[in-house]
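Please put together the full structure from these sequences, using the hints given.
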Amino acid sequence: GITVIPPMARSFSNFSETAVLHQRNFASLHKPIWMKRSALNRSERTYTSTVGWTDIVFLQEHGEYGNIDTCDHIIQMISLGPYDEYDELWEVDLQFEDAAHENSERAVYWFNYSSQTFQDEPDHRVDPWSCQYFAEDGPLSDSDAVALPEFSNFTWVVWHSGGFLGEVLFGFVPVIEATGIAGVAGLILPLLQTINPILKHVISEGGDLTKGGHAVFFNTDGYILGTSDDVISEQDSTIENLESDNEIAVVLRQVREEWGAECPSEQHLFEFGEILVDVTPLYPEEFGLPPWSGRWCGLITVPRTNLYMHLDTVVDTGLILGIVALASLVVSCVFLMTSLGFAIRAQRIVWDEKREEDMRRIKAATRSVNSLDCPMSIMRAEDFLAMKSWECHEVWRDRGKLLMLDTLDEVRLFRQQNSILFVSHQWLGFKLPDTEDLVQMGAMQRAVKLGMADSDKSVYVWCDYVSVAQRHPGSQRIAVLSLPVYVSVVDRFIIVAPTSNHRDNGELCDVSTYSKRGWCRMEMLAKACSSGLSEMYVCGGDGQTLVALAEMEETCLSFKVFEGNFSREADKEVLVEPILGLYSLMLHQAEQDAGQVHHILAEINGDKNTFFPQKYVLDVDGERSVRRPLFGNLVALVERFNQSSGSKKGEPDSWTRTISSSSTASSFVPPSELSHSYFAIDSAAKDFKREVSM
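Counting along the sequence shown from 1, when you hit position 464 you're at 577 in the numbering used here, and nothing is skipped either side.
It is worth saying that the hints were derived from the structure and are not from the lab. In this text, a Cβ means the ideal position worked out from N, Cα and C, and glycines have one as well. There's no promise every hint is true.
[To be verified] Restraint-style ranges between C-beta atoms, simulated for each label pair:
#	residue 1	residue 2	range
1	G619	E704	28 to 38 Å
2	E495	D358	12 to 22 Å
3	Q530	N722	41 to 51 Å
4	R369	N618	48 to 58 Å
5	S625	R366	27 to 37 Å
6	R473	S671	51 to 61 Å
Following this line, the structure appears as structure tokens:
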């Protein structure tokens, strides 16, 4: 066998022979971890890798060891840790130097920690580090690193690298043999890479308490040590370089104004507008880290409205930020930040505010379907029939071919002389709504022709690709949020779902796949809430015929929105207020006429918990599931609100006037494409197209 310790020059004469030394390091190194979740029962604790290591071995020849200052007879190995926190692959940088400097080799490669094997052949297409770099200019040199006091038998230095690594902590010890120092072994802790996932975990684990919140660690020198947000770019990781409108930057300016520094010497809990803020001073040595030149601070912000929800969760929740363990020494970092005291002191007030918030949501939901937040864009049926290819909203707008209806009263007046057709469909491409041979366009145009033949009114079409902004995400988001209102006031609603294959992934698409979409179900429910099933049609199969939904004996279509599929499960929360508004209007309609909405209302009453689930399960990071609130007791509040504050008889509201103005032509059939089944508030355009095209 090869003598590994002490390493002899005759044992390591070239690069390939260093593998055994490398494997020895991995085999003896306890896997670096930080604790994601603390628990009294150790078996329930969860961990993740984070820390890297460095090892410089001096080769021995003629009784003398190599020298790091002259790079004679040394093997240098550096690994900053796994590729990501869930990966077993470590990227390793290894360099071999012989005594005469005639054989200098360097390679970068992957090593699998679990199997203790090299993942692939080393990549030698990298230039060796110069001796000067390690001796004078490297991260351990006096010019770039700040020495910290000796701690836990390790010598520590901290190096500010800037960018995404931030502050890098090095802890190292000499490897001593009987005849001298045989090398240097150490651990590398890039603080941003270590603390960022801890803080992200804290925010996600906090549930309703920390939803929409932010967390950051920083020190009195102004360096950011970790953050829950991706606010660190290629530039220096400092408070000064945060964007001025970033929430953390705004709050830190307020802290400095109130207490003279971003990192005050005492803890402070305070309100800043609609934000709750906790800023707490921390000293690294109190948590098992080497003493720093100054103190650290931890800051957490959460929306004040979070305290309206689940106070029992608030009372029982502690924000454990994490424990970091470094190889053979235990370096722990536990940060406890809560707003429990604030919540307990204000509990009674918060419950009152919770009730007020619930009623605010009910009133907002009712108002949302009684007004147009975004003008309704429609196209003449003749122009729709003349289409030979799909052109987006902006093209038709610039041609002056779109009619804009700004209010529900304008819609009502317009429909006295005209009819509006709405087509709901599943997109058949990721970026375009149809197949290359325009299967859906053909089906839609055939439906419009049938409608024009049987109607004595001018026909207009609402079609998402034409009627909703495609180039401006903000405008698109507002239009998408108005979809329930658009659907509820049109004359007829047509589901266009011909059997065809998705143009990008080749999957079969038809009425059944349409019905699985949560957003498509929302569109159907919006129409059913306003006029029942009487004005709803289905164009499926070969796309040649239309069938009235009310006359279909069997159908795979479902109005149970929250049992449908969503590409983003969190979209369900966005739909709560629109669905409440539609339900309120349906209750109002049921009081106004004898039968249009009673069928769907009876279906809802028969399975109300499915139509309006109190909670739903959200998968987080593919690792765990959390239960989040949806409707709670809001449905009961809507019903009571509707009973106590319905429109007076003979004085219908604008929505009732609008839907009551609908024409009653029995066989009029219109098309128009909608169903960008998406609706994510923070990434509207991207998620909108992704959902409908999958």
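Now the hints, each set against the structure:
1. G619 - E704: 28 to 38 Å: Between G619 and E704, where Cβ atoms are some 49 Å apart, the hint is violated.
2. E495 - D358: 12 to 22 Å: Hint violated: Cβ distance 48 Å, outside 12 to 22 Å.
3. Q530 - N722: 41 to 51 Å: holds, 44 Å
4. R369 - N618: 48 to 58 Å: holds, 52 Å
5. S625 - R366: 27 to 37 Å: Between S625 and R366, where Cβ atoms are some 55 Å apart, the hint is violated.
6. R473 - S671: 51 to 61 Å: Given a distance of about 31 Å, which is not inside 51 to 61 Å, the answer is violated.
Consistency note: the structure conflicts with the earlier hints numbered 1, 2, 5 and 6.
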